[in-house]
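A.B. asks: Line by line, the protein sequences give chains A and C. Using the numbering used here, the letters of the first sequence correspond one by one to residues 149 to 382. Using the numbering used here, the letters of the second sequence correspond one by one to residues 149 to 382.
Rather than coming from a laboratory, the hints here were simulated on the basis of the structure. Check before you lean on any hint, since a few could be wrong.
If chains are identical, the list can't say which one is meant, so a pair holds when it fits in one copy or spans any two.
[What the hints assert, rightly or not] Derived lysine to aspartate or glutamate pairs resembling EDC-like cross-links, with alpha carbons at most 16 Å apart:
#, residue 1, residue 2
1, K189, E157
2, K372, E335
3, K260, E171
4, K370, E230
There are 2 protein chains.
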Amino acid sequence: MTKKDHNTEEVIKEAARIVFQREGFAGARMQEIADEAGINKMMLHYYFRSKQHLFDVIFEEDYSTLMVPLAVILRNPELHVEEQIIRFVRGYHETMIEHPRLPLFLIHEFAKNPHKVLEMAQKAIPVSKSEEPAHPNLSATTFMDQIEEGKALGRYNDVDARQLAVSMLGMCTHAFISRISVRTAYEMTDEQYVKFLEERKEHVVDHTFRILMKPDYYGKWKNKYQKEKDNTST
Amino acid sequence: MTKKDHNTEEVIKEAARIVFQREGFAGARMQEIADEAGINKMMLHYYFRSKQHLFDVIFEEDYSTLMVPLAVILRNPELHVEEQIIRFVRGYHETMIEHPRLPLFLIHEFAKNPHKVLEMAQKAIPVSKSEEPAHPNLSATTFMDQIEEGKALGRYNDVDARQLAVSMLGMCTHAFISRISVRTAYEMTDEQYVKFLEERKEHVVDHTFRILMKPDYYGKWKNKYQKEKDNTST
DNA sequence: ATTAAATTAAACTAACTGGTTGAACCAAAC
DNA sequence: GTTTGGTTCAACCAGTTAGTTTAATTTAAT
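Please work from the sequences and hints to get the whole structure.
C.D. replies: As structure tokens, then:
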């Protein structure tokens with residue numbers, strides 16, 4: 149920022165991100181981070197007072213990387229559930245293909261320190277325009293309400309909205325969290341696996357809608373969706 | 149075994165299990181385990197040479213706790229896929245309700261040390277009767293084949309079997325892995341959450357079948373299944 | 001050139017942590 | 001009751017780790 153064009157602070161953060169995501173807080177060593185950054189260990193304390201503080205910075209950034217785009221989608225009252233689901237699943241996959249270690253990292257550190265993360269979450273996700281959500285991170289009420297509405301209209305199956313939400317999230321996360329198991333079980337190369345993830349995006353949308361929608365409504369949606377897709381690609 | 153009736157070895161193992169599952173290998177402290185066991189730290193080394201060895205014992209046991217019952221189901225050539233899915237999902241939930249921290253623990257340590265776990269897996273799951281599976285842990289070929297068969301018979305949707313398998317596993321694991329997020333988001337007490345998990349068992353079966361089966365075949369299955377359930381309960 | 005900030009190297013500390021030692025303990029065997 | 005041998009303990013040891021200090025060097029702005 150001041151002198152060097154390649155900002156040391158940023159170099160440290162990227163190294164720390166790699167090491168913390170790979171080893172977790174307890175497993176990471178400051179020397180390891182310094183080596184990863186190709187920099188003297190002293191610098192870590194010069195820029196970020198302590199290991200804990202450096203970790204907090206990384207964790208908060210990573211948390212936002214994952215949550216903010218998703219929160220934006222789920223908070224948007226203009227969007228219909230179906231559009232929310234499509235954007236959510238695609239957004240999740242696109243972010244995670246770029247940051248494959250994020251889900252497991254966040255979940256593991258969250259599980260080790262839930263209280264801290266929960267209070268951080270309230271600050272991390274900016275609340276826009278005097279909006280005061282009951283569920284600060286994923287105001288799921290609209291989501292739930294709209295599903296009830298769809299059920300009443302006879303479009304949706306009599307599915308428990310909470311169970312559906314957990315299933316959808318599980319379908320999204322699992323391919324990333326269990327990357328190695330899946331890769332090994334299916335004997336995939338790295339490229340094949342990335343391709344698998346790219347494809348998976350649309351499969352998860354499809355699976356979610358198969359759970360949610362009544363067969364004929366699903367058929368109609370798929371038809372319409374297919375046409376839209378054709379129009380965009382031609 | 150020799151003198152005391154309350155086996156110290158077992159006391160240590162249970163304490164180690166709790167601490168390792170909560171903190172992970174890197175985060176766990178031998179003193180912490182000793183305290184948890186209400187025992188002198190020396191005893192840990194007396195019974196289990198090193199931290200690493202103690203961890204390996206626990207990890208292998210936990211790995212087996214999860215995998216063996218599932219492998220038994222998936223290896224059974226007598227069972228139809230549908231029955232396999234039902235037993236798999238139920239078995240998974242029942243085991244995990246008893247050991248809620250198992251999935252995240254195993255996945256996290258697996259991700260940190262994939263090579264070691266993979267070679268361990270081959271020993272851990274006993275191969276019965278000169279059976280030589282291509283996929284040692286979850287010989288998924290039968291599973292895949294039967295799904296292709298169901299598609300050919302017009303019973304199943306044109307779903308990618310691998311994607312389905314990942315989705316099913318994700319639906320199973322996520323409720324346990326993200327326990328705290330889910331509990332917080334839905335503002336549940338501990339009892340309510342256990343109830344949610346109990347219920348979830350059948351929901352996941354249902355979700356999986358909704359993805360897998362064509363609507364009319366799903367309808368038939370559900371009908372038959374409902375009758376069977378009524379017969380068992382009356 | 002002068003100055004101030006950035007960076008490195010190396011030695012150091014204070015706390016922590018896995019692992020060890022040697023003595024005490026205790027129940028059974030003689 | 002004394003011996004025996006596995007069991008338990010408090011204290012200790014050696015290596016590691018986060019974090020500090022100090023001094024020297026490089027870099028960039030004035």
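A.B. asks: None of the hints should be skipped; say for each whether it holds.
C.D. replies: Evaluated hints:
Taking the closest pair of Cα atoms, K189 and E157 come within 16 Å of each other only inside a single copy of the chain (13 Å); across copies the shortest separation is 42 Å, beyond that limit. In this assembly of identical chains, K372 and E335 lie within 16 Å of each other by CA distance neither inside one copy nor across copies; the values are 36 Å within and 37 Å between. Within a single copy, K260 and E171 get their C-alpha atoms as close as 14 Å, and across copies as close as 7 Å, so both meet the 16 Å cut-off. In this assembly of identical chains, K370 and E230 lie within 16 Å of each other by CA distance solely inside one copy; the values are 12 Å within and 26 Å between copies.
Taken one by one, the earlier hints fail for this structure only at number 2.
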